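K.L.:
So you can see what is in the structure, the chains are spelled out below.
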Amino acid sequence: MTPGILVLAQEAPGGSHFSQMLVEGLSLGTIYALLAVGFVIIFKATQVLNFAHGALAALGAFLVAGFATVWDVPGRWMPWAPSWLSWFGSVLLALVAMALIGMFLERVFLRPMVGEELFAIAIVTLGLDIVIRTITNDFIGQFPRPMGDPFGINVIDLGWVRIAQTEVLQIVVALIAVGSIAMFFRSRMGIAMRATAFDQEAARAQGIHVGRVFSIAWAIGAVLATVAGIFISLFPRRSAGVDLATAYFAFKAFPAIIVGGLDSIVGGIVGGLLVGFAESAVSTYVTADWLGTGFAGIVPYLIMLVVLIFRPYGLFGTEEIRRV
Amino acid sequence: MLYTRYEADQALMNTGTKKVMLGVFLLILALIPLGVLPVIDFMSQPDWLRLLSEVSIFAIGALGLNILTGLAGQISLGHAFFMGIGAYTAAWLGAPVGPLLGLNLPIWIWLPAAGIVAALIGVAVGPTAVRVRGLYLAFVTLGLVFVGEYVFRNWASLTGGSQSGRTFPAFELKLWKEETPLVSFNTDGPWFGIDLTAEAKTYYFLAVLAILFVILAKNLQRTRVGRAFQSIRDRDIAAEIMGVDEFRYKLSAFGISSFYAGVSGALFAVFVGRIIPEQWNLFLSVEFIAIVLIGGAGVVTGTILGSLFVIVLPRVVEDITNGLADAVVEGTGLLAWIGDLFISTGAGDFGLINTQPGVAPGLSIAQFNLVLYGLLIIGFLIFEPLGLYGIWLRIRNYWKGWPFTY
Numbered sequence: 001m002t003p004g005i006l007v008l009a010q011e012a013p014g015g016s017h018f019s020q021m022l023v024e025g026l027s028l029g030t031i032y033a034l035l036a037v038g039f040v041i042i043f044k045a046t047q048v049l050n051f052a053h054g055a056l057a058a059l060g061a062f063l064v065a066g067f068a069t070v071w072d073v074p075g076r077w078m079p080w081a082p083s084w085l086s087w088f089g090s091v092l093l094a095l096v097a098m099a100l101i102g103m104f105l106e107r108v109f110l111r112p113m114v115g116e117e118l119f120a121i122a123i124v125t126l127g128l129d130i131v132i133r134t135i136t137n138d139f140i141g142q143f144p145r146p147m148g149d150p151f152g153i154n155v156i157d158l159g160w161v162r163i164a165q166t167e168v169l170q171i172v173v174a175l176i177a178v179g180s181i182a183m184f185f186r187s188r189m190g191i192a193m194r195a196t197a198f199d200q201e202a203a204r205a206q207g208i209h210v211g212r213v214f215s216i217a218w219a220i221g222a223v224l225a226t227v228a229g230i231f232i233s234l235f236p237r238r239s240a241g242v243d244l245a246t247a248y249f250a251f252k253a254f255p256a257i258i259v260g261g262l263d264s265i266v267g268g269i270v271g272g273l274l275v276g277f278a279e280s281a282v283s284t285y286v287t288a289d290w291l292g293t294g295f296a297g298i299v300p301y302l303i304m305l306v307v308l309i310f311r312p313y314g315l316f317g318t319e320e321i322r323r324v
Numbered sequence: 001m002l003y004t005r006y007e008a009d010q011a012l013m014n015t016g017t018k019k020v021m022l023g024v025f026l027l028i029l030a031l032i033p034l035g036v037l038p039v040i041d042f043m044s045q046p047d048w049l050r051l052l053s054e055v056s057i058f059a060i061g062a063l064g065l066n067i068l069t070g071l072a073g074q075i076s077l078g079h080a081f082f083m084g085i086g087a088y089t090a091a092w093l094g095a096p097v098g099p100l101l102g103l104n105l106p107i108w109i110w111l112p113a114a115g116i117v118a119a120l121i122g123v124a125v126g127p128t129a130v131r132v133r134g135l136y137l138a139f140v141t142l143g144l145v146f147v148g149e150y151v152f153r154n155w156a157s158l159t160g161g162s163q164s165g166r167t168f169p170a171f172e173l174k175l176w177k178e179e180t181p182l183v184s185f186n187t188d189g190p191w192f193g194i195d196l197t198a199e200a201k202t203y204y205f206l207a208v209l210a211i212l213f214v215i216l217a218k219n220l221q222r223t224r225v226g227r228a229f230q231s232i233r234d235r236d237i238a239a240e241i242m243g244v245d246e247f248r249y250k251l252s253a254f255g256i257s258s259f260y261a262g263v264s265g266a267l268f269a270v271f272v273g274r275i276i277p278e279q280w281n282l283f284l285s286v287e288f289i290a291i292v293l294i295g296g297a298g299v300v301t302g303t304i305l306g307s308l309f310v311i312v313l314p315r316v317v318e319d320i321t322n323g324l325a326d327a328v329v330e331g332t333g334l335l336a337w338i339g340d341l342f343i344s345t346g347a348g349d350f351g352l353i354n355t356q357p358g359v360a361p362g363l364s365i366a367q368f369n370l371v372l373y374g375l376l377i378i379g380f381l382i383f384e385p386l387g388l389y390g391i392w393l394r395i396r397n398y399w400k401g402w403p404f405t406y
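Here the protein sequences come in this chain order: U and X.
Note that the working numbering numbers the first sequence so that position 231 is 231, with each residue one more than the last.
Note that the working numbering numbers the second sequence so that position 388 is 388, with each residue one more than the last.
Hints listed in this document are in silico derivations from the structure and should not be mistaken for laboratory results.
Just so we're clear, the structure is a prediction, and the values are computed from it rather than from any experiment.
Built from N, CA and C at the ideal position, the CB exists for glycine as well.
Treat the hints with caution; some may be incorrect.
Calculated pairs, SDA-like style, for lysine to any residue (alpha carbon to alpha carbon, straight line, at most 25 Å) [said to hold, decoys possible]: (1) Lys44/U to Ser239/U; (2) Lys218/X to Ala113/X; (3) Lys44/U to Thr301/X; (4) Lys44/U to Gly134/X; (5) Lys18/X to Thr301/X; (6) Lys44/U to Arg235/X; (7) Lys44/U to Leu135/X; (8) Lys44/U to Ile382/X; (9) Lys44/U to Val130/X.
Computed footprint of chain X on chain U, listed as stretches where at least three residues anywhere in the stretch have a Cβ under 8 Å from a Cβ of chain X [as the list claims (entries may be wrong)]: (10) 103-114; (11) 123-131; (12) 289-303; (13) 306-313.
Same shape as in the complex, but just chain U:
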């Protein structure tokens, strides 16, 4: 179920395995980091362990595919626009839609669970995962949906390495996302969110609208998941488009989250990159026959298990202090 990494004809003629591996790792790592950061924001702000994150990624990617190729929104209202512009319009629409869906899910399914055991809440999201994934899968149908993006399989040849255009975009987008999240945490709402993450009751007592903070956190999480989902469904990862494998791919972000520590945004980024590089290095260099197929796919989980043996709260996670 976990497809190996596609290294489709990306090898530059004069390039080395090593530089290619670095690009591959960076590209994988940013996807994991995007997923991890969204996950951690939801977890920190609302105390919800969101198992439905992969499903949200798949749903978001499907919405982009749907807007761009099926319903032709917003392209049908702006026939003068070049195709890349209307594609970005579709992406923007999908992001807004996913933010709303994220808020809706939180309000309907998770708000009633506030204050319950963390595990019970996590299982609610596991249920959500099944529901969203099944419905998305039904929408997608039998074959993967192409994303209708303007990049295709174009690559930029730097001589020593080839980078797909989507990968460049992805790294830029990830940087913008992380930057704007850092900015957000300095804004009034961001400070409210940090306060809520620290102590919900105390934040409430200070006049912070905790419910609104929850909504915003889910909106941000869903948007980041969608961005990751889009890049998972584009050329170097899965060029055929979005299908069920998008959600499975997103599952590999969980080890990244755990390696970094469940409640650390920096940990999410570091964990994502670490896992991405490790996976790409293994798929490039470790090619022993007896390892069989799909070994690179479980490298994230192996790293997670090893890290947890030595640091049970991940690399950057706060240790739970047990008082009597």
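Given chain U, put chain X in place with the hints provided.
P.N.:
Chain X in isolation, oriented as in the chain U frame:
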């Protein structure tokens, strides 16, 4: 309830009503395959007997998860992994010698061995799992499922490899490797003068096994070990202060739970007949979590109710859908009108469920069942955290005080 003796407080059947009801329940279980019962005589059909056999298998596995999650309070998403271990142990020991590994040993070796090997592996991964706490544990066990699936996929000489799978030993009791089994649970023929189908025999065999495991689980709750589990679940630090060795008991909870999972996995594999390695995936684990939560965490009765509910529900949904679809196609009466709202039978017909996947809009029956699963898990957690058992408790308490409300 007033008890004057400690034994009475600890008794499995503390009231006479419970004894009578259990007796009636067991009698019904025994009579189902004979088709002599009114109302539920359709259950003696082979397909329903297979469904009920599956309930027994899932009940055994769910009891194991219930001990770990419900009793000891440890979260596990790795149940499917331990089931896989059990299944392939059974295959290695019990399957006939052939292209794939198989030693052709009898059932009284492979069935316990399936549990024991799974338990040993459970104890072996335990130290990692015990070191991490709470939510991190969920991810460790999640990792196990994925690593396990990879190993199963690639160990082709044992598992048959990806997408092709392998067959498993049969349900038959042999003393050793002789040709004709002593008792066979999967061929038609008379038992004690009563003609029984293969399905009925398998059903009896699995029901008896399930009852054995229920008694084991029920008794475990009352022992020192069971109480230690519950104290860890309720407050681990308090338990340690009272002298409960947290590490040891968490390990044994893992071991016992994996034993149940291993046996259940072996039975499931044999029951299904041919299984691909991808079968032991996260969804199977989630199914067991659903059973435990829907039934009622920490309660043996709840777990049985949960297995019955989760396994039989898809079938009921399917029957209702097909029945309604027939009514819609015939096209008269209130039933057809109601059915038409929900069911799409053709390409142009809108509906929630369709009977022609790929042609009509809407979810296929299998997909609808999945969605229903998810919604049920969510619904029970939000509205009735005690599960079906909680509903039963409320009904019982209502009638206990009737006509008074207190």
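K.L.:
Run the distance test for Lys18/X versus Thr301/X: straight-line Cα separation, threshold 25 Å.
P.N.:
Roughly 12 Å separates the two Cα atoms, so the pair holds.
K.L.:
Are the Cα positions of Lys44/U and Leu135/X separated by 25 Å at most?
P.N.:
Holds, at roughly 13 Å.
K.L.:
Between Lys44/U and Arg235/X, is the straight-line Cα distance small enough, at 25 Å or below?
P.N.:
Roughly 24 Å separates the two Cα atoms, so the pair holds.
K.L.:
Please count how many residues of the region 306-313 of chain U have a CB within 8 Å of a CB from chain X and say whether that reaches 3.
P.N.:
holds (count 4)
K.L.:
Counting residues of the region 123-131 of chain U whose CB is closer than 8 Å to a CB in chain X, do you get three or more?
P.N.:
holds (count 8)
K.L.:
Against chain X, does the region 103-114 of chain U show at least 3 residues with beta-carbon separation below 8 Å?
P.N.:
That given contact holds, which follows from 3 residues of the region 103-114 of chain U lying within Cβ reach (below 8 Å) of chain X.
K.L.:
Given the hint that Lys218/X pairs with Ala113/X, does the C-alpha gap stay at or below 25 Å?
P.N.:
Distance of about 22 Å is within 25 Å: holds.
K.L.:
Checking one constraint from the list: CA of Lys44/U to CA of Ser239/U, max 25 Å. Satisfied?
P.N.:
With Cα atoms ~34 Å apart, Lys44/U and Ser239/U exceed 25 Å; violated.
K.L.:
CA of Lys44/U to CA of Ile382/X, is that 25 Å or under?
P.N.:
21 Å, holds
K.L.:
With a cut-off of 25 Å on the C-alpha distance, tell me whether Lys44/U and Val130/X pass.
P.N.:
24 Å, holds
K.L.:
With a C-beta cutoff of 8 Å, work out whether three or more residues of the region 289-303 of chain U approach chain X closely enough for the coverage to hold.
P.N.:
holds (count 9)
K.L.:
Checking one constraint from the list: CA of Lys44/U to CA of Thr301/X, max 25 Å. Satisfied?
P.N.:
37 Å, violated
Checked against the numbered hints above, the structure breaks hints 1, 3 and satisfies the rest.
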